[in-house]
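S.K.: Here's the letter readout for the chains.
Number of protein chains: 2
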Amino acid sequence: MSAPKILPVIMCGGAGTRLWPMSRKARPKQFAALTSDRSLFQETALRVAPPEGFLAPLVIAGEEHAALIAEQLREIGVKPAAIVLEPVARNTAAVAAVAAEWARVNAKGSPVLLLPADHHIGDAAGFRRIVVAAAPMAASGRIVTFGVKPTEPHTGFGYLERGAAIGGDVAAVKAFREKPDAETAAKYVRGGDHLWNAGIFLYDPATMLAEFAAHAPEIGKQAAAALAAAKRDGAVVRLDRAAFEKCPANSVDYAVMEKAGKIAVVSLNAGWSDVGSWSALTGEGDHPAIIAIDAEGCVIRTDGPLVGVVGVSDLVIVATKDAVLVAPKDRAQEVKKIVEELAARGRTDLL
Amino acid sequence: MSAPKILPVIMCGGAGTRLWPMSRKARPKQFAALTSDRSLFQETALRVAPPEGFLAPLVIAGEEHAALIAEQLREIGVKPAAIVLEPVARNTAAVAAVAAEWARVNAKGSPVLLLPADHHIGDAAGFRRIVVAAAPMAASGRIVTFGVKPTEPHTGFGYLERGAAIGGDVAAVKAFREKPDAETAAKYVRGGDHLWNAGIFLYDPATMLAEFAAHAPEIGKQAAAALAAAKRDGAVVRLDRAAFEKCPANSVDYAVMEKAGKIAVVSLNAGWSDVGSWSALTGEGDHPAIIAIDAEGCVIRTDGPLVGVVGVSDLVIVATKDAVLVAPKDRAQEVKKIVEELAARGRTDLL
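Heads up: the protein sequence lines correspond to chains X and H, in order.
Using this note's numbering, read the first sequence as starting at 1 and increasing by one per residue.
Using this note's numbering, read the second sequence as starting at 1001 and increasing by one per residue.
If you're looking for bench data, these hints aren't it; they were derived computationally from the structure.
Backbone N, C-alpha and C define an ideal beta-carbon position, used for all residues, glycine too.
It is possible that some hints are incorrect.
[To be verified] 30 Å max Cα-Cα, derived DSSO-like pairs, lysine-lysine:
#1 LYS336(X) with LYS1025(H)
#2 LYS321(X) with LYS1108(H)
#3 LYS1329(H) with LYS321(X)
[To be verified] If you want the footprint, here are the derived chain H segments under chain X, 3+ residues with CB under 8 Å:
#4 1029-1039
#5 1098-1106
#6 1117-1126
#7 1302-1309
[To be verified] So these bits of chain X aren't anywhere near chain H, every CB distance computed over 10 Å:
#8 ALA3
#9 GLU63
#10 ALA82
#11 VAL132
#12 ARG177
#13 ALA206
#14 ASP274
#15 PRO288
#16 THR302
#17 GLY304
#18 GLY308
#19 THR320
#20 ALA323
#21 ALA327
#22 PRO328
#23 GLU334
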């Protein structure tokens, strides 16, 4: 018997203001071409759309991005199982529940790979191998998380604390640790038992639905109701507003994972990055619209204007048709201050 | 008897590639808004268009900028004596000769103030006072140059060596010194007898025409012929191509000034800058399209896109609709390398 195919569920929420000016309300970072000619969403869809091992992906997103998603999928020739639209944002727990319910009802209980649309994975083939190898563990009733060996004491990530070894590079999860302070993060990195929580989950729908029933029953119930009463129009599935609005907004980590029983962590060694800010990117770009003379360690991106730089180092330089960002890489997070100032000035056209 | 009014002749030649991306072939720096909401050309025209002391300006420019000049003059409400168009570029000597000939024929021999369109003068009123005070010296048969006390050993300027004092802040010019090397420039600055040659001249037409006759007769002759056979169409005067093409191309400094007899230098203490490169400018700009957070000593300009910067210092950042420049101020001259690379890539649209 061959293993059941995996249903990728791509979560398209998230605003990504730290990636202004390419990330905008109308076109958040996951739909921008940051790491290649394709958007992060397109790269994600292609990563899990190989000839075997995976089913056509389910995409879950906000109403406002429906057309963008359809267009970006069309561009890369990926036909989704469906594009599920949330009438309101209810964080990741509701998405995880909808994904599980969808798989139970429409995909014969296939295992779900829940993954954000805005991550960069350097080694797509390696990623697929790791996920496929973990599928039997999901079939055995475990929720599989993916942990990345920390390369620095990052305070912007949650951490997974490894417990007893299960076999190979897999361990039980002893604890979920929220974003630590710098001191704690340093301790985690020194200790070696903590991994960055990649925010990617592999689970059997029955397992996840049981965990919801046990730890977040209202979310499980309303998510199922929202899907049961959804309206389908071609590839687009609109969740029922009345039911979905009743879903408590919570992250899947808080609502379920931290309380759930059998959780495993698999080492994800495939060049993972959450592309949380410009400093997470690299490269001056061998792009026809970039001329970098004597530039070192810069992140340079453009979606139109030519960018010419001379003699600069360690800067983030991002140009779009209507806005330009320049900041040192180690202060790239502070782009939020610019976004705040834009909001204060009423420049909603640039948010 | 009141002093005769001065005829300002604004020279609009010059490419200004060091001010890319705002300075373009189709719109060189003198027509770009670099120092205020107005272009350098507009600032120049307004500087010499006060209610008294000056006649309506004569503008001398290349054919390709005729429409731009008419439009920019219209915007500021300045009606020129004429816009004289050169069918080919022949450097400043030909322009000085045309200006003198025009003043002789059309302006009753009024003194000519020959000035480039691309300078910035911080103190316009002071500039006018200095020029008007120098007019009697021009009437006495001297060619008046304007010297700026050097603030640094600049190697990009010519220098005027002061000779015997004539009175007040005026001296005879002992010698014109070409752009010096760094060592010589340093010596000039220490010595105190050398001033930057501002490239602005005040002269009676008869004086200048006599100097041309003595030192550059072919230029004087062909310039006069080109003006005599010019075609006038409203405010626009098109110099005769056949005659003007015969004008040897030379700078007024080389062709006439270095050989001329009675030359005086007046100290120009009015915040003069030739705006030769971005580093000559200052200011992060209190511009609605600039958000500068924790920025120090930067030159930031935009003619459209919003520019947001955080935590940068001593950078030149210039944004236009189709191109962005980022460089340290002390390397701003190297923008030429970007322009060369654009030419090599065939991006004439951006030159």
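S.K.: Confirm or reject each hint.
M.R.: Hint-by-hint comparison with the structure:
Proximity of LYS336(X) to LYS1025(H) is assessed by CA-CA distance (about 37 Å); at most 30 Å being required, the pair is judged violated. Annotation: proposed proximity of LYS321(X) to LYS1108(H) is violated, straight-line Cα distance about 53 Å (limit 30 Å). With a CA separation close to 24 Å, the supplied pair LYS1329(H) and LYS321(X) stays within the 30 Å bound. With a threshold of 8 Å between beta carbons, the proposed coverage of the stretch 1029-1039 of chain H by chain X is violated, since 0 of its residues qualify and at least three are required.
Given as covered by chain X, the stretch 1098-1106 of chain H fails the check, having 0 residues with a CB less than 8 Å from a CB of that chain where 3 are the minimum. With 0 residues having a beta carbon nearer than 8 Å to a beta carbon of chain X, the stretch 1117-1126 of chain H misses the requirement of three or more and the stated coverage is violated. Coverage of the stretch 1302-1309 of chain H by chain X holds. Counting CB-CB distances below 8 Å, 7 residues qualify, and the rule asks for three or more. Remark: the non-interface label on ALA3(X) is consistent with the geometry, its nearest Cβ contact in chain H lying 49 Å away (cut-off 10 Å).
Here GLU63(X) stays apart from chain H, with its beta-carbon at least about 28 Å from theirs, past the 10 Å limit. Listed as a non-interface residue, ALA82(X) keeps its Cβ farther than 10 Å from every Cβ of chain H; the least gap is roughly 38 Å. With 10 Å as the threshold on Cβ separation, the claim that VAL132(X) sits away from chain H holds: the shortest Cβ distance comes to roughly 43 Å. No Cβ of chain H approaches the Cβ of ARG177(X) within 10 Å, the least distance being about 30 Å, so the stated non-interface status holds.
The Cβ of ALA206(X) sits about 49 Å from the closest Cβ of chain H, beyond the 10 Å cut-off, so the non-interface label holds. The beta carbon of ASP274(X) is kept farther than 10 Å from every beta carbon of chain H, the shortest such distance being approximately 21 Å. At roughly 8 Å, the least C-beta separation between PRO288(X) and chain H is not larger than 10 Å, which violates its mark as non-interface. With a least beta-carbon separation of about 8 Å from chain H, THR302(X) fails to lie farther than 10 Å from that chain, contradicting its non-interface assignment.
Non-interface call for GLY304(X) relative to chain H: violated, since the shortest CB-CB distance, roughly 8 Å, does not exceed 10 Å. Non-interface status of GLY308(X) relative to chain H is broken: a Cβ of that chain comes within 10 Å, the nearest being about 4 Å off. With a least CB separation of 8 Å from chain H, THR320(X) falls inside the 10 Å interface cut-off, contrary to its annotation. The claim that ALA323(X) is not at the interface with chain H is violated, since a C-beta of that chain comes within 10 Å of its own (minimum 4 Å).
Remark: the non-interface label on ALA327(X) conflicts with the geometry, its nearest Cβ contact in chain H lying 4 Å away (cut-off 10 Å). The claim that PRO328(X) lies off the interface is violated: its Cβ sits roughly 5 Å from the closest Cβ of chain H, which falls inside the 10 Å cut-off. The claim that GLU334(X) lies off the interface is violated: its Cβ sits roughly 4 Å from the closest Cβ of chain H, which falls inside the 10 Å cut-off.
Going down the numbered hints, you'll see the structure goes against 1, 2, 4, 5, 6, 15, 16, 17, 18, 19, 20, 21, 22 and 23, while the others check out.
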